[in-house]
Amino acid sequence: MHRSRLYGIFVDVPVAESARAVAFWSAALGVRAVSGKDDDPYTELPDAIDGLTVEVQAVDDDGRYHFDIETDDVEAEVARLAGLGAEVVQRRGGWVVMRAPGGHLLCVVPVQSGQEAFAAKARRWS
1043 MHRSRLYGIF VDVPVAESAR AVAFWSAALG VRAVSGKDDD PYTELPDAID
1093 GLTVEVQAVD DDGRYHFDIE TDDVEAEVAR LAGLGAEVVQ RRGGWVVMRA
1143 PGGHLLCVVP VQSGQEAFAA KARRWS
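Heads up, the sequence shown is in this note's numbering, so the first residue is 1043 and it goes up one at a time.
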């Protein structure tokens, strides 16, 4: 048995467009942008969607959106999603990039939200 939940929605933007994209999404959603360190590709948009993380991520690729699914067992969740038709694209340390039917990317990541929030909102899978 393992648990998982939708953790966040990520707006992936080309590095050169990231500052403009952060300004746009921050204003469009009516929230302040919280940047990490200078080399951190993620800018958080806290409180944009209740219960979910929303971030703008600077990438060396085309613009797109992707979901992160957090889990207490990455391999079990990858197997579950593969059984539903998703394919592994890349393994990156402790997390896995997958492609869902229809072509959309998603990442399966270890628990990010903290154990209390995760326990309250995650679904159990057998």
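Hints may be right or wrong, so weigh each one.
Said to hold, decoys possible - Keeping only pairs whose Cα atoms sit at most 20 Å apart, straight-line, the calculated SDA-like set for lysine to any residue is: (1) K1163 / C1149; (2) K1163 / V1057; (3) K1079 / V1057; (4) K1079 / D1092; (5) K1163 / V1101; (6) K1163 / A1090; (7) K1163 / V1153.
Claimed, not checked - Distance ranges between label pairs, derived from CB positions: (8) R1106 / S1168: 28 to 34 Å; (9) L1126 / A1061: 34 to 40 Å; (10) S1168 / A1070: 19 to 25 Å; (11) L1126 / A1065: 33 to 39 Å; (12) E1117 / A1161: 17 to 23 Å; (13) Y1084 / A1161: 23 to 29 Å; (14) L1048 / V1130: 16 to 22 Å; (15) G1136 / R1166: 32 to 38 Å; (16) R1166 / A1124: 17 to 23 Å.
Just so you know, these hints were derived from the structure itself, not from any lab.
Ideal Cβ positions, reconstructed from N, Cα and C, are used throughout, including at glycine.
Comparing the hints with the structure gives:
1. K1163 / C1149: 18 Å, holds
2. K1163 / V1057: The given pair, whose Cα atoms are some 33 Å apart, is violated under the 20 Å limit.
3. K1079 / V1057: Within the cut-off at roughly 15 Å; holds.
4. K1079 / D1092: Violated. K1079 to D1092 sits at ~25 Å, over the 20 Å cutoff.
5. K1163 / V1101: Given pair K1163, V1101 is violated - Cα atoms ~29 Å apart, limit 20 Å.
6. K1163 / A1090: 18 Å, holds
7. K1163 / V1153: 12 Å, holds
8. R1106 / S1168: 28 to 34 Å: 32 Å, holds
9. L1126 / A1061: 34 to 40 Å: 37 Å Cβ-Cβ, so the 34 to 40 Å window holds.
10. S1168 / A1070: 19 to 25 Å: Roughly 40 Å apart at Cβ, these two residues miss the hinted range, so it is violated.
11. L1126 / A1065: 33 to 39 Å: Given a distance of about 37 Å, which is inside 33 to 39 Å, the answer is holds.
12. E1117 / A1161: 17 to 23 Å: 20 Å, holds
13. Y1084 / A1161: 23 to 29 Å: 24 Å, holds
14. L1048 / V1130: 16 to 22 Å: 19 Å, holds
15. G1136 / R1166: 32 to 38 Å: For R1166 against G1136, whose Cβ atoms are near 21 Å apart, the range 32 to 38 Å is violated.
16. R1166 / A1124: 17 to 23 Å: The hinted range 17 to 23 Å holds for R1166 and A1124, with Cβ atoms some 19 Å apart.
Hint check: violations occur at hints 2, 4, 5, 10 and 15; the rest are consistent with the structure.
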